[in-house]
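Since the structure of chain A is already known, use the hints to place chain B on it.
2 protein chains.
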Amino acid sequence: MSNRVFDKIAIDVHKQTYIRQTNTDQLNEALKMSFLETLKTTADETEKMLDDLLALKNFSAPRIGEAMRYSALGQGKRLRPFFVCESARLLGADHQNALRVGAALECIHCYSLVHDDLPAMDDDDLRRGKPTNHIAFDEATAILAGDGLLTYAFEIVADELTHDNPAVRAKLVLELAKASGHNGMVGGQMLDLEAEQHTGQSLEEIIKIQNLKTGALFHFSLISGAILAQGTVEQFGALGTYAEKVGLAFQIADDVLDVESSPEELGKATQKDADAGKSTFIDLYGLAGAKQRAADLSNEACEALALFGAKAENLYAAARFIVERKK
Amino acid sequence: MSNRVFDKIAIDVHKQTYIRQTNTDQLNEALKMSFLETLKTTADETEKMLDDLLALKNFSAPRIGEAMRYSALGQGKRLRPFFVCESARLLGADHQNALRVGAALECIHCYSLVHDDLPAMDDDDLRRGKPTNHIAFDEATAILAGDGLLTYAFEIVADELTHDNPAVRAKLVLELAKASGHNGMVGGQMLDLEAEQHTGQSLEEIIKIQNLKTGALFHFSLISGAILAQGTVEQFGALGTYAEKVGLAFQIADDVLDVESSPEELGKATQKDADAGKSTFIDLYGLAGAKQRAADLSNEACEALALFGAKAENLYAAARFIVERKK
Numbered sequence: 059m060s061n062r063v064f065d066k067i068a069i070d071v072h073k074q075t076y077i078r079q080t081n082t083d084q085l086n087e088a089l090k091m092s093f094l095e096t097l098k099t100t101a102d103e104t105e106k107m108l109d110d111l112l113a114l115k116n117f118s119a120p121r122i123g124e125a126m127r128y129s130a131l132g133q134g135k136r137l138r139p140f141f142v143c144e145s146a147r148l149l150g151a152d153h154q155n156a157l158r159v160g161a162a163l164e165c166i167h168c169y170s171l172v173h174d175d176l177p178a179m180d181d182d183d184l185r186r187g188k189p190t191n192h193i194a195f196d197e198a199t200a201i202l203a204g205d206g207l208l209t210y211a212f213e214i215v216a217d218e219l220t221h222d223n224p225a226v227r228a229k230l231v232l233e234l235a236k237a238s239g240h241n242g243m244v245g246g247q248m249l250d251l252e253a254e255q256h257t258g259q260s261l262e263e264i265i266k267i268q269n270l271k272t273g274a275l276f277h278f279s280l281i282s283g284a285i286l287a288q289g290t291v292e293q294f295g296a297l298g299t300y301a302e303k304v305g306l307a308f309q310i311a312d313d314v315l316d317v318e319s320s321p322e323e324l325g326k327a328t329q330k331d332a333d334a335g336k337s338t339f340i341d342l343y344g345l346a347g348a349k350q351r352a353a354d355l356s357n358e359a360c361e362a363l364a365l366f367g368a369k370a371e372n373l374y375a376a377a378r379f380i381v382e383r384k385k
Numbered sequence: 059m060s061n062r063v064f065d066k067i068a069i070d071v072h073k074q075t076y077i078r079q080t081n082t083d084q085l086n087e088a089l090k091m092s093f094l095e096t097l098k099t100t101a102d103e104t105e106k107m108l109d110d111l112l113a114l115k116n117f118s119a120p121r122i123g124e125a126m127r128y129s130a131l132g133q134g135k136r137l138r139p140f141f142v143c144e145s146a147r148l149l150g151a152d153h154q155n156a157l158r159v160g161a162a163l164e165c166i167h168c169y170s171l172v173h174d175d176l177p178a179m180d181d182d183d184l185r186r187g188k189p190t191n192h193i194a195f196d197e198a199t200a201i202l203a204g205d206g207l208l209t210y211a212f213e214i215v216a217d218e219l220t221h222d223n224p225a226v227r228a229k230l231v232l233e234l235a236k237a238s239g240h241n242g243m244v245g246g247q248m249l250d251l252e253a254e255q256h257t258g259q260s261l262e263e264i265i266k267i268q269n270l271k272t273g274a275l276f277h278f279s280l281i282s283g284a285i286l287a288q289g290t291v292e293q294f295g296a297l298g299t300y301a302e303k304v305g306l307a308f309q310i311a312d313d314v315l316d317v318e319s320s321p322e323e324l325g326k327a328t329q330k331d332a333d334a335g336k337s338t339f340i341d342l343y344g345l346a347g348a349k350q351r352a353a354d355l356s357n358e359a360c361e362a363l364a365l366f367g368a369k370a371e372n373l374y375a376a377a378r379f380i381v382e383r384k385k
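These protein sequence lines map, in sequence, to chains A and B.
The numbering used here applies: residue 59 is where the first sequence begins, and numbers increase by one.
The numbering used here applies: residue 59 is where the second sequence begins, and numbers increase by one.
Bound conformation, chain A alone (with noise of 0.2 Å):
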């Protein structure tokens, strides 16, 4: 697969430091492992952070704190809070502060899950690989869970250990309540549910369900670097643009990875769309066209960041490791 701005960053940014690497796959590649290692870095101070926030002396329900430590401490890529602290670097802003913003969107996204895995939702038993919240508590609790770790993220954001000017948070709030809410996620959602009803979605219907449901959080997780440093219009308008595309290109992987790998592979149930009737991104484009779009939009993402030059590599990077990933 090809990624024309990619390769011409490879190629701009690296010449100097690479120059042995003659070709553009070993400078990609160089470029992919200063990229993963940027995504590990970012998710265990994420974790750290997390673990720090939900520390089980702060509860008085200790129940509760086990049920939302499980759901939120130790889980998956951290991909939410890297593009919060990447696109806080990008513009200059507080990386203790970004993280702080990372790991109320990683409450925020693990509350999704905990709901979303629950008998009258997804019923899902398994998620990455160990017992859902519901399946290792009970239903009960995993609501809460669920309500607490939301709750939460509003209360770490509001916190004045976010950022000291009191503007800037209100904003955080607002948008994150906004891509989390009615008119983003939990819009989502519902239209996700409802499009179980009825089969052969229009693409507009998939992707307006997609761009709520995940697409919302991916655009704040972006933005949330430039209200950190109360950026410029084009500035948020670049990083909106790329998580748009970067947002799609995710989800469309998604549909692939479904199709191509086993419950093993993804410590998740496969194929649960296409058994729920609901129309994928694989049955309008086919699977070789959906790899394509991905593609092209990963592309397109990087192409948005260009007034941001070589300093957005490891946004470039994401993009296309997004579209590459096997799990």
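No wet-lab data here; the hints were simulated from the structure.
Glycine included, every Cβ here is placed at the ideal spot set by N, Cα and C.
Among the hints, erroneous ones may be present.
[Claimed, not checked] Result set (DSS-like, lysine-lysine): computed pairs, CA atoms no more than 27 Å apart in a straight line:
(1) Lys106(A) / Lys384(A)
(2) Lys115(A) / Lys188(A)
(3) Lys115(B) / Lys90(B)
(4) Lys115(B) / Lys115(A)
(5) Lys90(A) / Lys135(A)
(6) Lys115(B) / Lys266(A)
[Said to hold, decoys possible] To list a few chain B residues with every Cβ distance to chain A over 12 Å, as calculated:
(7) Gln84
(8) Thr99
(9) Glu105
(10) Gln133
(11) Lys135
(12) Arg227
(13) Glu318
(14) Lys349
(15) Gly367
(16) Phe379
Chain B alone, transformed into the frame defined by chain A:
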């Protein structure tokens, strides 16, 4: 039932206005009518505010809008918005701003009822005389409607329309999140569920559960006026003490109503706590003792507001109403 402070205020304030009413009972009755009028006006204004905030045209997914409206509109006494508006009025904060905070608080209160009623939680089919959200819609929709209402509360509060000072908005978000989260309402819910597992809780345990489960939101409703008005430490302290006493009185009165009323009168199932093996204030104080304790707390609540003098007459009347109400 006697309420010393209330009687004193009634005499002090209204000996001019109600000069023809020569006994305390008549003065009290006049104050009660004035309070009930204010309560009704605030409820109507809150309803209008929520109707606007939850206008169906603003929803990407109509079904989530319908489910959120179903449980947020036309419900209850709106006691919490009343407290927001009264504490705001007492300290000279803008009434429209207070109505927005009251509407947000009502979104939180209503979400908690939707989730509490779910089969995995209290499994109630009836709420205020009509089918609960998951009966009227379905479980998945009820979970999402609760999530949507919770999230929307923070969007409402963080919006510039709530206050032009972002420090006030950030503080409101922080305190609202604390009051409704794992060390507030959600934590109290968890402890309450755990209490069903064993009988014979101590008075301290029951008070802790109630302080978290219902006290925390009462507390927020009363200090929010001081936040909006950027009040003094003394004003925060007085309103906080009033909230604590009134919150506990409210809960004890609830237990009294639970044994003295029929499901038809209350519009919901009664004696569920006793059936679930949970201890109630009646178990610990006896019926007469519980009534006396509620009356004492109501009196202490009023005493805490001494610094506001006659201006707090609606809050004095509210403290009395809470222990004397029939539903």
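Hint check against the structure, violated hint numbers in rising order: Checked against the structure, the hints that fail are numbers 3, 4 and 12, while the rest are satisfied.
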